[in-house]
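> As they're listed, the protein sequences go chains G, D, H, Y and X. Take the first sequence: its letter number 100 is residue 100 in the numbering used here, and every next letter is one higher. Take the second sequence: its letter number 185 is residue 185 in the numbering used here, and every next letter is one higher. Take the third sequence: its letter number 156 is residue 156 in the numbering used here, and every next letter is one higher. Take the fourth sequence: its letter number 317 is residue 317 in the numbering used here, and every next letter is one higher. Take the fifth sequence: its letter number 265 is residue 265 in the numbering used here, and every next letter is one higher.
Since the hints were made in silico from the structure, they are not lab data. Just so we're clear, the structure is a prediction, and the values are computed from it rather than from any experiment. Some hints could be false.
A pair holds if it fits inside one copy or across any two, identical chains being indistinguishable in the list.
Said to hold, decoys possible - SDA-like mimics (lysine to any residue), calculated; alpha carbons at most 20 Å apart, straight line:
| hint | residue 1 | residue 2 |
| --- | --- | --- |
| 1 | K106 | N241 |
| 2 | K32 | S146 |
| 3 | K64 | S199 |
| 4 | K106 | L80 |
| 5 | K140 | T36 |
| 6 | K83 | G167 |
| 7 | K223 | S289 |
| 8 | K32 | S48 |
| 9 | K62 | S47 |
| 10 | K140 | E111 |
| 11 | K367 | S199 |
| 12 | K89 | P253 |
| 13 | K140 | E209 |
| 14 | K64 | S47 |
One-letter residues, chain by chain:
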Amino acid sequence: MSKNKRSRFKHKRMGEVGDAPGMVRIPDDALKPKITVYSYNEAEVVSSKGDDIGVILDQFAKCKNHTHWIKVNGLGDAALIEKMGELLKINPLVLEDITNTHQRPKFDEYEGYFFATSRIIELSAAQDEIFNTQFSVIVKDDLIISFQEHYNDCFEAVINRLNLSKGAIRTAGPAYMCYALMDTIIDTYFVVLADIGESLDTLEDRLYESADKTIMYDSQHMKRELIMMRKVSWPERDKINDMIRSDSPLITPEVKTYLRDAYDHCIHIMDVIDSYKEITTSIMDLYLSMVSNRMNEIMKVLTIISVIFIPLTFIAGIYGMNFARQDDKGHIIPDNMPELYMHHAYPIALAAMLLIAAGLVFIFWRKGWFNRL
Amino acid sequence: MSKNKRSRFKHKRMGEVGDAPGMVRIPDDALKPKITVYSYNEAEVVSSKGDDIGVILDQFAKCKNHTHWIKVNGLGDAALIEKMGELLKINPLVLEDITNTHQRPKFDEYEGYFFATSRIIELSAAQDEIFNTQFSVIVKDDLIISFQEHYNDCFEAVINRLNLSKGAIRTAGPAYMCYALMDTIIDTYFVVLADIGESLDTLEDRLYESADKTIMYDSQHMKRELIMMRKVSWPERDKINDMIRSDSPLITPEVKTYLRDAYDHCIHIMDVIDSYKEITTSIMDLYLSMVSNRMNEIMKVLTIISVIFIPLTFIAGIYGMNFARQDDKGHIIPDNMPELYMHHAYPIALAAMLLIAAGLVFIFWRKGWFNRL
Amino acid sequence: MSKNKRSRFKHKRMGEVGDAPGMVRIPDDALKPKITVYSYNEAEVVSSKGDDIGVILDQFAKCKNHTHWIKVNGLGDAALIEKMGELLKINPLVLEDITNTHQRPKFDEYEGYFFATSRIIELSAAQDEIFNTQFSVIVKDDLIISFQEHYNDCFEAVINRLNLSKGAIRTAGPAYMCYALMDTIIDTYFVVLADIGESLDTLEDRLYESADKTIMYDSQHMKRELIMMRKVSWPERDKINDMIRSDSPLITPEVKTYLRDAYDHCIHIMDVIDSYKEITTSIMDLYLSMVSNRMNEIMKVLTIISVIFIPLTFIAGIYGMNFARQDDKGHIIPDNMPELYMHHAYPIALAAMLLIAAGLVFIFWRKGWFNRL
Amino acid sequence: MSKNKRSRFKHKRMGEVGDAPGMVRIPDDALKPKITVYSYNEAEVVSSKGDDIGVILDQFAKCKNHTHWIKVNGLGDAALIEKMGELLKINPLVLEDITNTHQRPKFDEYEGYFFATSRIIELSAAQDEIFNTQFSVIVKDDLIISFQEHYNDCFEAVINRLNLSKGAIRTAGPAYMCYALMDTIIDTYFVVLADIGESLDTLEDRLYESADKTIMYDSQHMKRELIMMRKVSWPERDKINDMIRSDSPLITPEVKTYLRDAYDHCIHIMDVIDSYKEITTSIMDLYLSMVSNRMNEIMKVLTIISVIFIPLTFIAGIYGMNFARQDDKGHIIPDNMPELYMHHAYPIALAAMLLIAAGLVFIFWRKGWFNRL
Amino acid sequence: MSKNKRSRFKHKRMGEVGDAPGMVRIPDDALKPKITVYSYNEAEVVSSKGDDIGVILDQFAKCKNHTHWIKVNGLGDAALIEKMGELLKINPLVLEDITNTHQRPKFDEYEGYFFATSRIIELSAAQDEIFNTQFSVIVKDDLIISFQEHYNDCFEAVINRLNLSKGAIRTAGPAYMCYALMDTIIDTYFVVLADIGESLDTLEDRLYESADKTIMYDSQHMKRELIMMRKVSWPERDKINDMIRSDSPLITPEVKTYLRDAYDHCIHIMDVIDSYKEITTSIMDLYLSMVSNRMNEIMKVLTIISVIFIPLTFIAGIYGMNFARQDDKGHIIPDNMPELYMHHAYPIALAAMLLIAAGLVFIFWRKGWFNRL
C-alpha cells in the first residue's frame, strides 16, 4: 500500500542486482495474508476464511463440483505464496510478479492457466490521497485466485452479486469472474476521475474568483495524478485487448463480448483523462496569462503615477532652489529667479502643474492605457 | 441533454461500481420517451405516434411489407426500453449503451442487426451554448430504430425527403436511412463550425482593434469547443470507416458509396477543426506577444520620463540645499555655494538642465527607443 | 474564386442540412462556364470554344478517332453540369464534388472512369494574395474533362506542348494529360513557395535590421500560408500515391512512372514547407527573445540611472531641510545641521555625492551590467 | 570508459573517413585486456585468468565437455581481439562493433552464433558521475564471450550464482548466461534510476524551501541524464524483443520466457524514466512560474511604495518652493503661498498627506494587491 | 555548389511551370564536367581523365573484362549528360534528377540498373560554412557512374583502397563500390557532427561564462544546421533500408551485410543529431531562464534601493517645507513645524531615517530578497 506521491519516487524494483529470476521477495511493510475461499456453482455459494493454505485444501475437499475463487488480501508471507504456487503448479516468474507490486497491467498466458494484473486506484477516506495498489489474478480451469495488497474491499458488490446470483456470475466460469473483478476495478477509476473532475471545477472557479500562486502547484499536482491515471489505464486497455484476441479456451466468446464492453469503458476513461489534462493545461495557461496581465496592470499604475508626478516634482524643485535675489551689497542679481517675486506667481505655477498633469492624463487616455489590455 | 461546459466535468459513468453488465439505468432528468413509427415502401409512408410499445405493435400489424423506422425521442423509461429490447431481441449491452448517454461514436455488429451511435452537436437557440447529445441507431432486416435524448428535431429534412420520396430514400433499405440520419448529423457539425468560424472572425477583429484580456479567456473557450468537436468527429470517422469495411449484408454496396461520401465530409470537418485550432493558437500567441509589447512600451515610457527628469530634479535639489553663505559672525564661508550668488546663475542652471534633457533624448533616439520594437 | 484569408473562415459546406446526396448546388458568385474542347491525335489538334453543351456534341461528331479534352472554366451553371453528367454517365456524387469547391485533393475510381481533384494555388497579380481554387478532372477511355473555378489559365504551357506535340502528350492517352495538368499545378506550388521564401528572406533581414512588432504579425501570416500549403500538398501526395497504386486500366505503367516523379515533387514541396515553417518559428522565437532582451536593456538603463541618482537626491534633500540654527532667543540650537555652517561644506558634499555615484557605477560594472546579456 | 557529460559531445565514430569496413581501431586510452575463462557444467566450474589468447586455448584443451564463458575486460589490444576473431571465426564487422564503443544496444544473428551489445550504466563511487560503457557478447554453441570496456565488475552476483549453481545457470546453456548478464545490466539501471529519483526528491524539496537559479541548471542536468537513460533503454527493449522473436536455435523457449521477463523490466524502466522526465519538466515549469511570481511581488512592492510616496513628496515639494511673500518694497505679493502663513497649516498638510496615503492603500486593498496572485 | 544558408531559401525547382518531364535543365553556375574513368578487376586498375564522352568510349574499348567506375565531377553540360544517357540507355527522368540538384536521398530501381542519390555534407575549409551538394549514382551490371556537383574530392580514400586493393573493393562488384562511396559520404557526416559538437561545447561554456544575446542567434543557427542534417540523414536511412530490402540481382547478400552496417551508422548519426538538438534546446531554455533571472535581479536592485530611499527623501522633503514660524506681526503661528526648532531635532531626524532604512532592509532580508531566486 503506497501513497500516490511516494509511489512516484520509489520505482526501485524489489530484489537485488543479479538476483536469479523467479525469486519471491516480500517488502518489509507488507500485510499478513488473509485468505477467503468462495466455492460456487449454480445451486450454492460456500465460503470460508483463514490465513494458511489449509483453508484452501479443506474447501477443495469439501466442494468437488464447484468453481473456486481464492481471494488473498495481503502479500506478507513468502512461504505461503510459494506453497500455493507449488500446490497449483504456477511458474515462479508469476509468483515474483505477484509479490513485486510495481507491475504494469498485463496478460500472460501459460500452459493451462493465464495470469493478469491490474492496478487498483482508490481514494483515501479523507479523499486527499490516491492509493495505487496491485491486483493480480490467476485463472485456471475451475479456479480463480486473486491477490490484493491490502484488506479494504472494493469487491463487495461482486460478492453480493455472487451471493444473490445476479446475472451470469455463477454459471459463466472463472474467466467471467475475472472479468467481473476487472470491470469493478475500472469502475473505481470513474469514481477517482469524478473526484478529480470536481477538484478541477473548484480550481477553475478559484482561477476566476481569487487566483493565487497555489493554482500553479495544484494544477501541477492534478496533472501528475492524471498522468498516473493514464499510465495505468493505457496498459489496462492493452491488457483487455490481449484478452479479447487471446485464443485461450478459458476465455469463452460470451466473456469476450463482456470484455469488449470493458474495453469501451477503458477508451472512455482515457478520453476523460485527456479532456481533464487539456483542462488542466488550459487552467495553467490562463493563470500564466493572468500573471502577465497583472504585471502589466501593476506597471501601468506605477508608470502613470510616476510619469505624472515626476515633472510636477521637478517644477516644485526648480522653485525650491535658493538662487539669491540680492548679492552681499544688496544689489539685485539680474535674472536670478524673478518668477519668485512675480504677482500671482504661485497660483500660476500651480495652474501650470495642473495643466501638465491633465495633458499627460490625456495622452495616456489617447493611448488607451485606461481601458485596454 | 447536457450543456457543453457541464458535460466536460461530468464524465461519471451512469451506474454504480460493481453493477452487473447490461443493466439499464436512466438518469433522473431524462425526458419521457415519445415514439413515432414511419412505415414506408415505394408506394406510401404510414406514420403514427404514441408513448408506449403498443404503437409499434399496431404499426407492425398494419404494415406488413414496409420498412419501419421507429424514432424514439427521450430515454426516461427503463421499462419501455427493456420491453423494446425483448420484442426485437436486442443484446442487453446494447440497451445499456443506448441509455448511458456518454458513448463515443461506434459501430458494433451483432447477429442479425448492427448498432451504431453518433453525437448530435447543436447550437442552442441563443447560439451561446453547444448541446452534445447521443444518437443511437439499431438496424435490422426491414427495421431501423433511432434513439435521441431530447424532443427537438434535427431530422425534419430527412422526414420531408421521405414524404416527398426524394432520391433513393424509400427504396434503398434501412441502412440507407441510417446513412441519411448520420449524414444529417454530420451536416449539423458544419453549422456549428460555421458559428465557431464567425466567432473566431470576431475574435481576430477584436485582437487588432481593442485587445483586452477577455481574448485569452475566449480563445481558451473556443479551443475547448474545438477539442470537443474533434473528440466527436474523430471516432465518427472511424465508425463510418468501420461501416464501409463491414461485410454485414445489411450494408449494400450502394450504401457504402454514400458512406464514402460521408467519410469525406468527416475528413473535411477534421480539416476545418484543425485550421480553427491553429487560428486559435495563433490568436493566443499574437495576444501574448501584444501583452509583451505593451509591457515594453509602458516600460519605455516610464524609463524615458524617469531618466530625463531624475538628473534634472537632482540639480534642482543641489541648488535647494541650505549651505550657509555666512557664519555667525557674518564672515563669508569659503566655497559654500557661490553659484547661488553668481550673475545669471539661474538661467544658466535652467539652460544646463535643458541641455542634459536634450542630450538624453538624443541618446534614446540614437538607441532607436522612439521608433523600434 | 476565394481569397486566402476568406477561405480560412468559410468552410461551410455548400447545401443545406439534410440535403439528399448528389445534389448540385452552385454558389451565387460562381462564374458562367466557358467550354473549350481540344480533340487531338498523333496527327492533329482540333479545338473549338463555346458556352453550352452543343460545342461538345459538335466536336464529338467531327472528331471520331481523337482523344478529347473538355476544359470547363467557371462552374456557375448547374443545368449545364448536370447535362454533361447525363451525357457522359457520371455519378451525381461526382457532380456534387465538382461544384462544392472545398474538396481536398482526392482520387476516386468509378466503373469506366476515374475522378480526381487538386487545389490550384496561385499568387494574385500584385503578389499580395494567394488564391486557392479547385481543379477537378474526370478521365474516361478517350476523354478527359477538367473543371476550374475561374478563367485565368495556368495551363497555357500544356496547351503549347499539345500544339507543338512535345513529348508523349498527344499519344500517351488521357491519363497522361491528367498527369500533365496535375504536374503543372504542382509546379505552381514551387512558384508560390519561392515567393514565400523571398518574403521570409525579407522578414529575416528586417529582424536583424529594424525589428518591430509587425514581424510577429507577418510571421503568423506566413505560418498560416504555409499551413494552408501543407494542408493542400499532404493530400495531394496521398492522391498521387493512390493513383500509382490503382489498378485502373486507364493508368498505364508509363503514366505511373511519370506519377512517381510527381510524387517526388510533392515530397520535395513538403520538405520545403517544413523548412519554411521551421524558419518562421525560429524568426518568431528570435523576435520574442529580442523583445525580452530589449526589456532587459530598458530596465537596466532605468535601474542604473535611478539607483545612482536616488541616494544623491536624498543627500541634497537632507541639506535642503530647514532645521533652525537658532531659537527664538537667538541661542544656537545644539546639533542642528552644523554641517551647513562648516567651511568647504558644499564642495565636500559634492565630492561625497561624486564618490557615491562612482561607487555605484563600479558595483554595476563589477556585476557586468555594462557589457552582458 | 567515458564520463556522462563528455560522452554527449564525443560521438565521433572511431576510424577515418573512407576506412574499409571491419577495421578494428582501438582508442588510445583503452585499457589492456584481462581475460577470465569460466568453464562450467552441471558438476563443476573451472576458471583461469590471463592476458593473452593462450589462457583460452589451455582452458579449451582442459575442459572438453563444458560450456565456456570467456570474459574480456578492457579492449586495448587490437591484435588480441583479431586473433580471437580468427580463432572463433567471427565476422570482422562484429570485431569493429566490439571495439568501436559507441554502439546502440542491438542483436545481430550470424551463421552459427549471435552478437549483441548492451550499455552498462553505472554510478561512480562518489555518485556524482554516470559512466556509460559498452558491453558486447557473442554466443556460440557452447561458448559465450563477453567484452567490457573496464575492469570493475558488475557481474559478481552472476559469478556467485554460477559458483553456487543457483537456479538454471549451469544447465540452461550459453544463451541463458547471456540473459543473466543482460538482466544484471538492466538491474543496474534501477539502481541509477533510484539515485536519480532521490536527486529529484531533493530538487523538489529545494524548490519549495529555498528556490534559486541552480534549480534550473540541475533540472536540465537531470533531464539530460534521463534522456541518456531513455536513449539506452529504448533500443535495449528492441534488442530483447528481437531476441524473443528470433528463431535462432541458440535461444531456447525456456530462455525466451526469461527474456520476456527482462522485456517487462525494460518497459518498467521506460515508464519510470518517463515519470521522472515529467517530474523534471514540472519542476522546471513550477520554478519558472515562481520566478514570474517573484517578479510580480517585487514589482508590487515597488509600485505600492512608489505610488504612495510620490504624491506626498510632491506636496512637500510644493511647500518647499521659495515663492516670496513680500516684494522688495515690503508689500505683500498677492496670492503667493498664503498657506505657509495660515494657522495650523503644517498639521493640516500632514493630515492631508496621511489621508492621501490611506486612500491609496485603500485603493490597492480593494484591487486585491495585498492578498492576490 | 550552394552555401548552407542560401540553400534554405532557394528551393525553387529547376525548370519552368509546365515543362515536359525528363527535361535536363542546367543551372547557370554549374561547373563544367570532368570525367574520370576507373576500370578495375582483381588484377589491375586502369584510369583515364577527360571532359567529353570519348574518354568513356576509349576506356570501354580498352578494358573489356573490367568493372568501370565513371566519375563525373560538375554537371554544367546538358548535352554531355544526355549523350551519356543515350549511350547507357538511362531513363530521361533519371537524367532530370541528376541535374536538378535538390533531390532527397532516394533509391529507384529500373530495368537492368538502379539509381540512387545522396547528399554530401561538407565543411568549408574555414569551417564556417556547410556545403550541401548532391551525389547521384547509377549502377549497372559491370558499371557504376557517379555524379557530383563540384570538383573537390571526398572519395580519395576510396580511390586509395581501390589502388591498394584493400578489402573486397575490386572483387565485390559495382554495388559494393556504390556502398563504399555512400559509406564514405556517411563518414563525412560524423566529421560535420563533430564540428557542430565542438561548437555546442563552446556555446555551453559561453553560456556559463559570459552569456550575451548572441547565444540565442548562435543556438538558432546550430539548430537549423541540425535540422538540415536530420533532413538529409532521415531519407538516407530510408534509402539504405530500401536497398537492403531490394531484390535487385545487382545487390548481392554480401553487399547487403555491409549496407546493414551503413544502416547502423545512419541510426547512430540520427541519435547524435537528436542529442545535439536536445542540448541546443536546453541551452536556449537555460539562456532564457538566465535572462529572466537577470531581469529579476535588476528589478530587485531597483526596488530595494528605491523603496529604502523614497520614504527617507519624503522625510527630508517634509522638513524642507517653508511653513512660516511667525506671521507678519511676528507672532508665532501655532503648530507650524515646531520640530524645526527643537533641540537635537536634526540628529533625531537622521536617526529616524536610519531606523526606517534598517527596518526596510530587515523586511527584505526576512523575505529572502538578499539570497534567493
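> Now look at each hint and say whether the structure bears it out.
Verification of the hints:
In this homomeric assembly, K106 and N241 come within 20 Å of each other (Cα to Cα) both inside a single copy, at 10 Å, and across copies, at 16 Å. When the C-alpha separation of K32 and S146 is checked against a cutoff of 20 Å, the pair qualifies only within one copy, where the shortest distance is 15 Å, while the shortest distance between copies is 43 Å. Within a single copy, K64 and S199 get their C-alpha atoms no closer than 51 Å, and across copies no closer than 56 Å, so neither meets the 20 Å cut-off. Proximity of K106 to L80 under the C-alpha cut-off of 20 Å is found in neither arrangement, the shortest distances being 24 Å within a copy and 40 Å between copies.
Taking the shortest alpha-carbon separations for K140 and T36, only the intra-copy value of 17 Å comes in at or below 20 Å, while the best inter-copy value is 47 Å. In the homo-oligomer, the alpha carbons of K83 and G167 lie at most 20 Å apart only across protomers (18 Å), although the nearest pairing inside one protomer, at 34 Å, exceeds that limit. In this assembly of identical chains, the alpha carbons of K223 and S289 lie at most 20 Å apart whether taken from the same copy (19 Å) or from different copies (16 Å). In this assembly of identical chains, the alpha carbons of K32 and S48 lie at most 20 Å apart only when taken from the same copy (17 Å versus 47 Å across copies).
Taking identical chains as interchangeable, the C-alpha atoms of K62 and S47 lie at most 20 Å apart only when both belong to the same chain, with a minimum of 11 Å there against 56 Å between chains. Proximity of K140 and E111 under a CA criterion of 20 Å is satisfied intra-copy only: 10 Å inside one chain copy versus 30 Å between copies. In the homo-oligomer, the alpha carbons of K367 and S199 never lie at most 20 Å apart, since the shortest distance is 41 Å inside one protomer and 27 Å across protomers. Proximity of K89 and P253 under a CA criterion of 20 Å is satisfied inter-copy only: 19 Å between copies versus 27 Å inside one chain copy.
Proximity of K140 and E209 under a CA criterion of 20 Å is satisfied in neither setting, with 57 Å inside one chain copy and 53 Å between copies. Proximity of K64 and S47 under a CA criterion of 20 Å is satisfied intra-copy only: 14 Å inside one chain copy versus 55 Å between copies.
Checked against the numbered hints given earlier, the structure breaks hints 3, 4, 11 and 13 and satisfies all the rest.
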